Structure formats: C-alpha cells, structure tokens
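A.B. asks: The chain contents come next:
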Amino acid sequence: MSTLGVWVGAILTLGILSFLYKDNPFYKVAEAIFLGISAGYWFVSLFYQSLLPKLFDNLGLTKLFGASNTDGALQTLFVQGKFSGQLWYLVAGALGVMMLIRLFPKGGWISRWPLAFIVGTTSGLYFTRYLASNAYAQISATLKDFVVAGHPGFLGWTNLNNLVVLVGVVSGLTYFYFSKEHKGTVGATAKVGVYFLMVTFGASFGYTVMSRMSLLIGRLDFLYRIWLGLIK
Amino acid sequence: MPKLFMLGLLMALLLFISAAAQPPPTGNLDTAQSASGVAAPPKVTAFDTPNDAGGSITIQWERSPDDVFSPQDFAGYDILKATSPQGPFTKIGEVPGGSRGPDPLTRTYMDNGTKDGVLYYYAVDAKAFDGSSRTVTSAPTTSKEQWFNSSQLNLFIAVIFLTAAILYYISSAKAGKKLYIRKIAGLEAVDEAVGRATEMGKKIFFIPGTQDMDNVQTIAGLTILGRVAKLTAEYEARIDVPVSRSLVMVTAREVVKEAYLKAGRPEAYTDDMVYYLTDDQFGYAAGIEGMVVRQKPATIFYQGAFYAESLILAETGNSIGAIQIAGTAMPAQLPFFVAACDYTLIGEELFAASAYLSHEPKQLGSLKGQDLGKLVFILALLIGVIIQVSGIFDFSSLFNVVGGGE
Amino acid sequence: MKREVPLIICATVGIVLIFQYFIPAEPFGTLNQVFSDWFQVIGAFAIWLGALNLIKVSGNNVYKKRKDWPYSLLIIISFFVMVIVGFFFSGGRRFQDQGTAFSALYDYVYSPLTSMMFALLAFYVGSASYRAFRARTKEATVLLLAAFFVMLGRVPLGDTLTSWLPNWLHMSNIANWIMNIPNTAGQRAIMIGIALGTVSTSLRLILGIERSYLGGE
Amino acid sequence: MAIENKGFWQKLMTIDRRIIFIFIFVAISVPMFLKIELKIPVSPEVESLYQTISKLPDGAKVLVSLDYDPGSEPELQPMAETFFTYCLQRKFKVIVIGLWPQGAIQAEHARIVAEEKVGRKFEYGVDYINLGYQAGNEMVIQGMGSSIPQTFSVDYFGTPTTSFPIMQGVTNFSNIDYVFNLSAGYPGTVEWVLFAVDRFNVILGAGNTAVQAPQVYPYLGKQLKGILGGMKGGAEFEILTGLKGRAVKYMVGQTFAHTIIVLFILIANIAYFATRGKEKGKTV
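Those protein sequences? They're chains A, B, C and D, same order as listed. Quick note on the working numbering: the first sequence kicks off at 1 and runs consecutively. Quick note on the working numbering: the second sequence kicks off at 1 and runs consecutively. Quick note on the working numbering: the third sequence kicks off at 1 and runs consecutively. Quick note on the working numbering: the fourth sequence kicks off at 1 and runs consecutively.
Be careful, since some hints might not be right.
Partial list, derived from the structure: chain A residues whose beta carbon lies under 8 Å from chain C [claimed, not checked]:
1) A32
2) L61
3) K63
4) L64
5) L95
6) L215
7) Y224
8) I226
BS3-like, lysine-lysine: derived pairs with alpha carbons at most 25 Å apart [unchecked claim]:
9) K35/D x K121/D
10) K180/A x K144/B
11) K144/B x K202/B
12) K61/D x K35/D
13) K202/B x K180/A
14) K106/A x K138/C
15) K91/B x K177/B
16) K35/D x K91/D
17) K296/B x K67/C
18) K61/D x K91/B
19) K35/D x K144/A
Covered stretches of chain C (chain A as the covering partner; in silico rule of three or more C-beta atoms under 8 Å from a C-beta of chain A) [said to hold, decoys possible]:
20) 47-55
21) 199-211
Honestly, the hints are just simulated from the structure, not real lab data. Since we're looking at a predicted model, the values are computed, not measured. Beta carbons are placed, not taken as given, at the ideal position from N, Cα and C, and that holds for glycine.
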C-alpha cells in the first residue's frame, strides 16, 4: 500500500467514525465522497460486468469496434450467414432502451414493458426456488433425522431434540397463520411459536455481536498497525 | 374444515405416489478384461442421465477391489468412450481413488459431451502405477432429452396444489365470501405513524430495502409503499423514498404516482419524492444516516430485503426518536429490526401486509390460499413424524429436492 | 397497450420460468440463464436513470445554493472522478486488476469507507442491546436469555464461569444447543412461511392481480 | 439514600449511547496492545469440518470458493489463510474461484501468507490455480456442474484453463474431492448447498461470517460437513490444524468487547428492575 493511499484511507475512516459523536462537517465530506465514489463504482462495474459481456459481446458489437476477437450474433448472421441464439439478446437491448425512454416526459409508459419482464422473471424464478429450498428442504430436514422406533436411541436425546425442533416449526408456522383468530388451541400454539421466534432472534443477535466486533477489530488493526505503526 | 383435511390428505397421498414413481436408473453391463496386477472395476453400467436436456450419459461402476484407501498403490480411474465395442477408445476423464460420495462402493462419472441418438460404449480403466485393467460396457447407450423432470414431481404437485388453492379462494372471495385476517401489530400502527408525522409537520421516510427488483421482498415492500403513499396523500403528509437501485426507483415512482392518483391528489405527486442515492450497500447506509439526522423524519418505514445495513439504519432512526416500522423476510436481519424498531413485520407478515392494508377480496383470498398451504405443511409434519418414527417408510424423502435436473 | 402488454409479458415470462424448472429439454433448460442475462442488461441500462437522478438532485442543490450545497458538489465531483477513471484510465475490461487507477481508488477510498461504515455496527450492536434487551415482557425475557447464553457461549469466559458444572451444561454447549435446536426450529418456521408468502406474491404478480408496480392510467 | 439510588439507576436507564460507544472502543483497542492468549474450546461443527478434510487423501483436488469482499476480511481472511496453509502442507491441489468479484484478489492475498508460513510455494497451474470471478451467482455453480472448463474458460490472469496440468481430468464436480466455501452473504454457502450439494452431491465445508452462520446451520449434517462460524470458528480451526494465526490473536479483543456488552445488558436490566421496583413499590 502506498503511504498516500493509507493516509487517505485513514482520514476517511476517521471521518466516518466521527459520526458516532455527532453529525459534523468531517463526516459530511466522507459521506459525500462515499456517495459519489460508490455510485460511480457501480456505474462502471455494471457497464463492464453486465452490459459489455451480456449484451455487446453477444451481439458482436464489441468485435465490430475491434474491442474483442470473439464473434457475436452480428458476425454469425452477416459473415457466416447463420442464425445464432445470441441474436435474442437484441430483445434485452430493446428492453433496456425502453427503460431509458423514461427520460422523455411522454415516454414513461413504455418502461413498463421491461419492468413487467423483470417482475415476471423474479416471480417465476422465486416461485419454485423458494418452494424447493425454503419449504420442502426444511420439512424434509425436520423429519429425516428422527430415530425409528425400536432402534437404539429411539428414546434418546436425538429424538428429544428432533421433537423440540418439530414443535418449534409447527408452532412457529401456526403463528404465521393469518386467517384464524389466535385464541384457544390455535392461540396457545401460536404463543409457543412466538417464544421459539424470540429464541431465534435472541440467538441470532447474540451470535452476530461477535462478528460485528471483528469488523471493528479489522478497522482498528488498519489504523493502529498499518497507518500508525503502533503495533507489530 | 373437513374439506381442508381432505385436501391435506390428498396432497399427502399424491406426494406418496410421486416418491414411489421415481424411476430406477436403467442401463447395461459390462465385460471385464484384466491386463495387469490391478483388479478391474467389477461392474460398469452406463445410462442416459435422467431428467436432463440430453447430451449426457452417466457411467457408474463398482469400485475396484484394489481401490483401497492408500493412494500410493492405486492411481484412480480413467473413463474412455468409443462408438464401437472394439474401440478405438478415447479418454474423456478421470476420477481419483478413495472413498467419497454418498455411496462409498460405487463411483459415477458424467459424460456431458454426447450427441443425442448416437450409440456409445464406455470403458473404465482401474489404474495402478504399474498398469491398468479395463471393463467395457456390453451394450451401447445413447442420450436423449427429457420433457419432464420426474425427480421434481413432488414439487410440481405442490405448485399445482398451491396455485389451485390460491385461485379457489380468490374466486370465492370475489364471490362475496367474508374472509377473516388476524391482527398484525406493525400494520395497525401504520395509520398512527403517518398521522403523527402529519401533526408534527415532519417527513416520512420509506426505505424499500436495498435489493433490486429481482427480489420478491422488494416487490412486496413496494406494494406496502403503495398503501402508505395513499395514506400520506390523504393526510397531506410528505413522503420521501430514497432508493438504492435504479429499477426500484422507476418502479417506486409508478407506485407512488398511482397511490396519489387513487387518493385523488395527483397534483401533489412529484418525481422528486423518489430518488436514487447509490447502488452501494454501505454508501446508501451512509447517505441515509446523514439524511435522517439532518432532516429528522417523524416516521421511518423499512420494508423489503435488507442485509447488514439494517441495524445502521434502524439505530440511527432510533437515536432521533422516529417511529420505526420494519418488515423483512431476511431471517438474519430480523433480530436487529426487532431490537431497534417499534414494530417489525416478521417474515411472511411482510407478504401478508398488502392484503391486510388493502382488505381487497383478491388479496385476502390469496392469503387464505397461502394459509391452506401452511395447514397442509403442518399436517405433513405431524403425520410425517408418526410415519417416520414408525419406520413404515422414509416420509422425509417425499420432500426431497435433491438431485434436480439441468 | 399501456397496461395489457406489460401484464401479458409478466404472465408469459413467469409461467415459462415456472415450467422450465420441470422441463429439462431445450430451450427451457437454458432460458433461466438467458432471462437472468437480460435482467442484468436492463439493470445496466437503468443505472443511467439512477445516476442522472443523483446528479440532477445534487446539481439542483448546488444551483439553488441550498444548505450544505458544497457537499452536493463533492458528490458530483467524486462520481465523475470514479467514472472517468473507470472508463478512460483503467484499461477497459480489466479495470479491476491490481495496479489500475480504478483499483487504487477502490482500495484507498471506497474500501476504507465501506469497511468503516460496516464496522460502525460494532457500536450500534452495543447500544441496541443495551436499550432493547430488557426483560419487559415474557417474550422479551426469552429473547434476552437466548442472546445472553449465546453471547457468553461464544467466548471462552462463558466456559470458565461454568467449568464447575457437568460438561453438557458448559456455556458453549448450551449456546450450541440453542443455536442448533430452538434457533433452527424458529428459522425453519420463518423460512417455510416466507416460501408460502413468496409463492402467493409471485402468483398474484404473474396473474396480474397485484399490479401496482405498473402505475396508473 | 433511596432517592439517590433511584436517580442513579434512572440515569443509567437513559445513558447516552456515546458512553457505550467509548467502552466498546476501549475494550477492543486495549487488548490489541497486550500479549495474552486465551484457551479456546473446539465446537463440534468445526471438529466435523476438520475431520472431513483430514480424511482427504494427500493430493486431493480441492475447490475453494471465496465469496466475500474486504468488508468481511477480519473474519474470513484468517480462515482462508489457514485453509491454504493446510492445503500446502497436505499437498492438496487447489482450484480457486470467486462468486464475488473481489474473491479472486482475496485468494491471492491469502495464498501469499500461506506460502510465507510454510516456506514453500504452490506451483501455479500444478497445485494451485485461480480461476477468478465469474458473474452469474448460483448460475455459475450450476454451470460448473456440467463443465468447469467451460464455465471458467480462462484463469484469473487470462490464460486458457485447459492448458494447466491441474485442470487435466477436471470436467465437473465429479472430479472434485472437496469444496470449501467462504461466504459473507449472497451468493454463498446457501447457494453452494442448494446447487452443488443437492444437485451434484459434492462434499462441502464452509466458513461463514458469524452473521451468516445461523442461516447455514439448518443445512449442517448431510448437506454441509462442518461450519467455521465467525472469528471464533476461525480460531478453533487454527487450533485444530495447529496453525495459530490472526484469528487466535484477535479473539482476545473479541472476548473483551463481548464481555463488556454482556455486562451492559446486565446493568441495563438491573437498572430496569431497580427503577420499576421503586415505581411500583415492590421488588420484582
């Protein structure tokens, strides 16, 4: 790391840190730089990581401008006279351009087409994916470790723990049951579910504390060791 | 109620059938020829890789008796391919020795370079350092594409079932059937929170998460934004929606505009209500932090998908004494919202919120369908544990999603 | 046209993607990939809207000399520095390689800022737990106890305090049990609930029942 | 006396959060300048991860996916360093990828540390290769399931992947003996479980940030062979492998800060009950 770089980094670090005392000009400078730099970072990254490889490479525009050697749809179509699936990326380009038509006052509505495409993609993918990994896999996992009756350990700790998990899952799900008033048996079960959820939240929180501390250790290590050289 | 039970049982039955319907791999066997001191794999089979788009054949063999756990003596397997049983065989890959995988006795290799319809023969060479022994499949194998992934049948049934249930309840709700929805504390408070901001003459911040439109939670958050924006339009409060994704900005503008239109105050809407800061998670958090301490909004909503920035946002909001209503389906972030916000919609409640706030029959109907799914899953767990423990069959395998296609 | 076409697009894409999960044959097998590429392309176009909006808002502040306008100017300058360096002075496609000007800005400006912002959480975790973990109600007490045991179990101190107890009552074992058993149960209940919520939300979107994202008119 | 007490406790109830901030700052800063070492017990999930890798034969092919960025460096980088050191000692052949853009750079940093520790270098292309970052999240994992050389056609430095000896005979996951994933979020361990373990039966071990770990716990067992959770997991792993490094050292500050927070919660609750008891005229 260059010395200048380390100093810049250290000063910006202190700028953010100073917010803990109160909002101040030092923080405002760090914040403004952060906003601008990060927006620029993503702007550049999205161009090189999405637009260029996904659209321009596939269409062959990069080769057309001599920025790449790989053929794209344009080359296969006009040079080799063949149809290639990459040509479909024209649709993506068109949808992208529709998005930009928003910039013109009258063109806003056309951007709903790409929006609809995105919402459709998201819904379609999540529908099955979540059912598989969040519902099915978890149900299967809840049941599969039970020791079968008659086998050694049937009345042991494993099954007791499994039973606790089962009770937790069932009661937790009951809490999420919306179309029934939570009273009587349903209410009592949901109550148990709430306790399980509380344990989950408490445990996750407690578990996280450690991780957050280590982030600060990393930063202080930067300040004390790399910047100031106070520790080896 | 009996109808629900019938449906649940039907579902369980269908699941049972689906598990039983999983086809065993078919294929063919093998001739062994030993050339050196090392024992050839005793049994080699090849079969069309199931549930794929074609272009792949799976080769499976039993471990060579010499493939024991000492890599000094055994050098693994070579997999070879030919279009006639006599050869010439060309090497397509290798697999190391030693035990691994779910079944320590058999090994598999997937040849993903086959042409559908072409007949292939495969050979597996067991290699020692001084030579190798070969086993060849006796009959040719060909790959083909499948039109249904049978290993996903159980999931397919759930998709059909849930779709049917949700559609059924939506139509019955539209037909005028009253549907009940339980109280959701966080949403009861929405009115009050918006009202307070109006009284104090301060802003309302709405943060629709930090993820893009490819996350259903973001969409759910934006739906809630629609209801909140309608309220702010009615109360004539001022709402600010700083976002961290451009697509979310575009969508949120449509949503807020629509809400103001519905509230009969389209003239009060401006695009400036929704603005973009940065795509960056912490850059965004830094920006919001600054805005919150400087503008001191009376109410802050966090509805959508959040990562680590959740606590930065919520603690800053808390320090200025804003009413905070959060909602997310990110299990790891829920504890922070619960600790630092006044109300938190937990997981599924985020998705139920739009039904709760709108009380539209269509929304309530779909919520009811969702609940039926929950009931079936609860029944599956309760019935399942009895079957599982009694050892009749492995009930949990009905819900296996292992070994999917592609 | 303004609402029907989008609804048809959404429904078609959604249904095709649900089916592709069950149909291995082409083109369904690769549609998933193609659509996610398209999504990224659209997103990359859309960031122009976001960036222009950021500049417009900040530019307005500067132009109208609103309070704190110099900071808005700083936002605009840093944005353009990053973009110009990224596009013109960092070797194109390999802009992120070590040694480019872009990566220097990343390492010395962006990275310290993002790490410190993240590290602020260490302090906020402290203040949040001080304030929130009070045994006000039965639920809060349960939350508090779980957090307490797990926190202590994660550091050696916990075991030192409980070393006189039988092994299974050592703090780290209690913490592990809480993490593995009740925590897992709660997580699973939340996850299954989320799955159902996602399914019904997706379905409403695909069927056009939920269409507020399309706006009015 | 009683009145004074009440005032004291009430003040404690509404203490300025900046005082808490100072305590945390001091608690973490001071131990960094001290030389103390703690005794750290090993948890079963770390033990299980260590058992799995220790049973791999020498020369096994190991795929390491680094799915994090500098933000999670304090927790995950020590794990990467220790894992690479262990691989170097056991002569594993290491294939590195990143589902996060910065993963590949993190790998190079960790490799250098590991090589210094062992005093021997990985021979590039023979026992180690860095395939770099590939956009596409879980799609990348899925692609690797059918072909690794196709998914990563060139390595991090732009050389065709197939030209390296280490990649000979590597077509897909069936040629990989073990997958180690270091993850700070999405895409990460959950995606590896769903797309690599569930679909292609790979053997997976993971290191996670402490935040991420609870979400990964449900997969432990059949789907996931061991977790290193946060810095403590990293420290335990360093102890098991006998390669004490940064995680063990940093654990002291961690412990101090942790203890401070626990004390704060205790104080807050005592104050809460003290004031509540006074107000209602009873001690609860």
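A.B. asks: Is K106/A close enough to K138/C, meaning Cα to Cα at most 25 Å?
C.D. replies: Roughly 57 Å separates the two Cα atoms, so the pair is violated.
A.B. asks: Has the stretch 199-211 of chain C got at least three residues whose CB is nearer than 8 Å to a CB belonging to chain A?
C.D. replies: Holds: 6 residues of the stretch 199-211 of chain C have a Cβ under 8 Å from chain A.
A.B. asks: Take a quick look at whether K144/B and K202/B sit within 25 Å of each other, Cα to Cα.
C.D. replies: violated, 65 Å
A.B. asks: Interface hint check: Y224/A, Cβ to nearest Cβ on chain C, cutoff 8 Å. Holds or violated?
C.D. replies: violated, 14 Å
A.B. asks: Are the Cα positions of K35/D and K144/A separated by 25 Å at most?
C.D. replies: violated, 47 Å
A.B. asks: If you draw a straight line from the CA of K180/A to the CA of K144/B, is it 25 Å or shorter?
C.D. replies: violated, 50 Å
A.B. asks: Restraint: I226/A near chain C, CB-CB cut 8 Å. Satisfied or not?
C.D. replies: Interface hint status for I226/A: violated (10 Å vs cutoff 8 Å).
A.B. asks: Under 8 Å, Cβ to Cβ, is where A32/A needs to be relative to chain C, so tell me if that hint holds or is violated.
C.D. replies: holds, 4 Å
A.B. asks: So, as I understand it, the hint says L64/A touches chain C; can you test that by seeing if any CB pair is closer than 8 Å?
C.D. replies: Violated: closest Cβ of chain C sits about 16 Å from L64/A, beyond 8 Å.
A.B. asks: Let me know if the C-beta of L215/A comes in closer than 8 Å to any C-beta of chain C, holds or violated.
C.D. replies: For L215/A, the interface hint holds, since the closest Cβ of chain C sits about 4 Å away, which is under 8 Å.
A.B. asks: Hinted pair, alpha-carbon criterion (25 Å max): K35/D, K91/D. Please report holds or violated.
C.D. replies: violated, 33 Å
A.B. asks: Taking 25 Å as the top limit, are the C-alpha atoms of K35/D and K121/D close enough?
C.D. replies: violated, 30 Å
Violated hints for the displayed structure, listed by number in ascending order: 2, 3, 4, 7, 8, 9, 10, 11, 12, 13, 14, 15, 16, 19.
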